[in-house]
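Enquirer: In order, the protein sequences belong to chains A and B. Every letter in the first sequence is one number past the one before it in the numbering used here, and letter 190, counting from 1, is 190. Every letter in the second sequence is one number past the one before it in the numbering used here, and letter 77, counting from 1, is 275.
Some clues are possibly wrong.
Claimed, not checked - Straight-line C-alpha distance at most 30 Å; calculated BS3-like pairs for lysine-lysine:
1) B:376 <-> A:71
2) A:99 <-> A:161
3) A:71 <-> B:322
4) A:99 <-> B:297
5) A:53 <-> B:308
6) A:161 <-> A:52
7) B:250 <-> A:71
8) A:118 <-> A:52
9) A:178 <-> B:376
10) B:250 <-> A:110
11) B:363 <-> A:53
12) B:250 <-> A:99
13) B:297 <-> B:363
14) A:118 <-> B:269
15) A:118 <-> B:251
16) B:251 <-> A:165
17) B:264 <-> A:66
18) B:363 <-> A:52
19) B:264 <-> B:322
20) B:322 <-> A:52
21) B:269 <-> A:66
22) B:376 <-> A:110
23) A:110 <-> A:161
24) A:66 <-> B:308
25) B:363 <-> A:118
26) A:53 <-> A:118
27) B:269 <-> A:71
28) B:251 <-> A:66
29) A:52 <-> A:178
Please keep in mind that the hints were generated in silico from the structure rather than gathered at the bench.
Number of protein chains: 2
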Amino acid sequence: MAFRYPNGRRYNQSSQQGRKKENYNNRGMRFEEDINSSINYYRETGRALIHKKPTPVQIVSVDYPKRSAAKITEAYFRQPSTTDYQGIYRGMPVDFEAKETRSHTSFPLKNLHLHQVKHLEEVKAHGGLAFLLLRFGGEQAMYVIDAAHVIPWYYDQSERKSLTKRYVASHSCIVPEKLQPRYPFLDAVDELYFTNDS
Amino acid sequence: MAFRYPNGRRYNQSSQQGRKKENYNNRGMRFEEDINSSINYYRETGRALIHKKPTPVQIVSVDYPKRSAAKITEAYFRQPSTTDYQGIYRGMPVDFEAKETRSHTSFPLKNLHLHQVKHLEEVKAHGGLAFLLLRFGGEQAMYVIDAAHVIPWYYDQSERKSLTKRYVASHSCIVPEKLQPRYPFLDAVDELYFTNDS
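Turn these sequences into a full structure, and let the hints guide you.
Expert: See below:
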């Protein structure tokens, strides 16, 4: 979906130079926020129903102070058993993981966890759409790549410990950064899964 | 799926009298555990891919002690934005909430939260299966009822503040308690959604 200014002029990515100067350390957080704001936009406009899963936490102890909210005073992070994002698009189950790497040239497979890879495999086996959203260092755009192009390499890291950007680019659809939604990744999903049934 | 003993005899619910004597206070917890063990069973046997969503928590402060796991020392419960259970069955998105009431005769609608009802509505609008698993006091069996039979009453509580067990029973499929899985609720889902396209 192309975004246009009220005067009809097409929104231009290069007008975002201000954002490019920001501190690199904030980018990881911003990456996640941008994806969250995109799924919220899609939810509000009714195009898809996707939520980010909460981080699983093992709660050990909780205080119940008078007149205020219950306070968790001891808890630990648990290993998630799924990917971060799940929902429904075009009546189909969708499931994806979003990952960013600082590398400008390749995506190290160690950035994925076994439970995420296994879960994406299961989603595919059950007929859902399973993919990764990847962003490389120095780029605003990201890539939607079907899990089938990633899983075999994950299991055979003796052969390939990372995916080159070239490999990713040639097996995926690119998602340019826009304004609303920040990452119109469903356009790439359409192209990848719903165009000419290819 | 009927469960049979190794000698071929059909598993009989009344042989579970020992369990019925247990402390009522443990039942709520056991209800959730039984559903969790059922979805795990279905996942392991490949029949469905359903997970329970983690409870969302707002993490405020975390300690990183040497040589041991990160410890969350201050956190608060957040309002969930979805239902508890989500996944894929027969290639379709499924989404449900499980609720137990002590009442032997009716399910009070105040046991549902607005965000759960809204989410179930959205799931239906996006083409997923959206239902409730309900259990009444004094019964081991539970009911699978499509969200469409619940949502209108939720919004019009001036007319009906609870669903009678009779209403639920006549608009749902019953799930007897068995052994493995404890609640074979997908059989009821099959009957409700996939039998003769009715």
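Enquirer: Could you run down the list of hints and mark each one as holding or not?
Expert: Comparing the hints with the structure gives:
1. B:376 <-> A:71: violated (38 Å)
2. A:99 <-> A:161: Holds, at roughly 16 Å.
3. A:71 <-> B:322: With a Cα-Cα distance of about 35 Å, the restraint between residue 71 of chain A and residue 322 of chain B is violated, given a limit of 30 Å.
4. A:99 <-> B:297: violated (36 Å)
5. A:53 <-> B:308: holds (25 Å)
6. A:161 <-> A:52: Judged against 30 Å, a Cα distance of about 28 Å means the pair holds.
7. B:250 <-> A:71: Holds, at about 23 Å.
8. A:118 <-> A:52: Given that 30 Å is the threshold and the Cα spacing comes to 18 Å, the pair holds.
9. A:178 <-> B:376: Distance of about 53 Å is beyond 30 Å: violated.
10. B:250 <-> A:110: holds (26 Å)
11. B:363 <-> A:53: Given that 30 Å is the threshold and the Cα spacing comes to 33 Å, the pair is violated.
12. B:250 <-> A:99: holds (23 Å)
13. B:297 <-> B:363: With a Cα-Cα distance of about 13 Å, the restraint between residue 297 of chain B and residue 363 of chain B holds, given a limit of 30 Å.
14. A:118 <-> B:269: holds (27 Å)
15. A:118 <-> B:251: holds (17 Å)
16. B:251 <-> A:165: violated (33 Å)
17. B:264 <-> A:66: Violated, because 34 Å separates the two Cα atoms, which is more than 30 Å.
18. B:363 <-> A:52: With Cα atoms ~35 Å apart, residue 363 of chain B and residue 52 of chain A exceed 30 Å; violated.
19. B:264 <-> B:322: Not satisfied, since the Cα-Cα distance of roughly 48 Å exceeds 30 Å.
20. B:322 <-> A:52: Status holds; Cα separation ~19 Å.
21. B:269 <-> A:66: holds (25 Å)
22. B:376 <-> A:110: violated (42 Å)
23. A:110 <-> A:161: holds (8 Å)
24. A:66 <-> B:308: holds (24 Å)
25. B:363 <-> A:118: Violated, because 41 Å separates the two Cα atoms, which is more than 30 Å.
26. A:53 <-> A:118: Between residue 53 of chain A and residue 118 of chain A the Cα gap is close to 17 Å, so the pair holds against 30 Å.
27. B:269 <-> A:71: holds (14 Å)
28. B:251 <-> A:66: Between residue 251 of chain B and residue 66 of chain A the Cα gap is close to 29 Å, so the pair holds against 30 Å.
29. A:52 <-> A:178: holds (21 Å)
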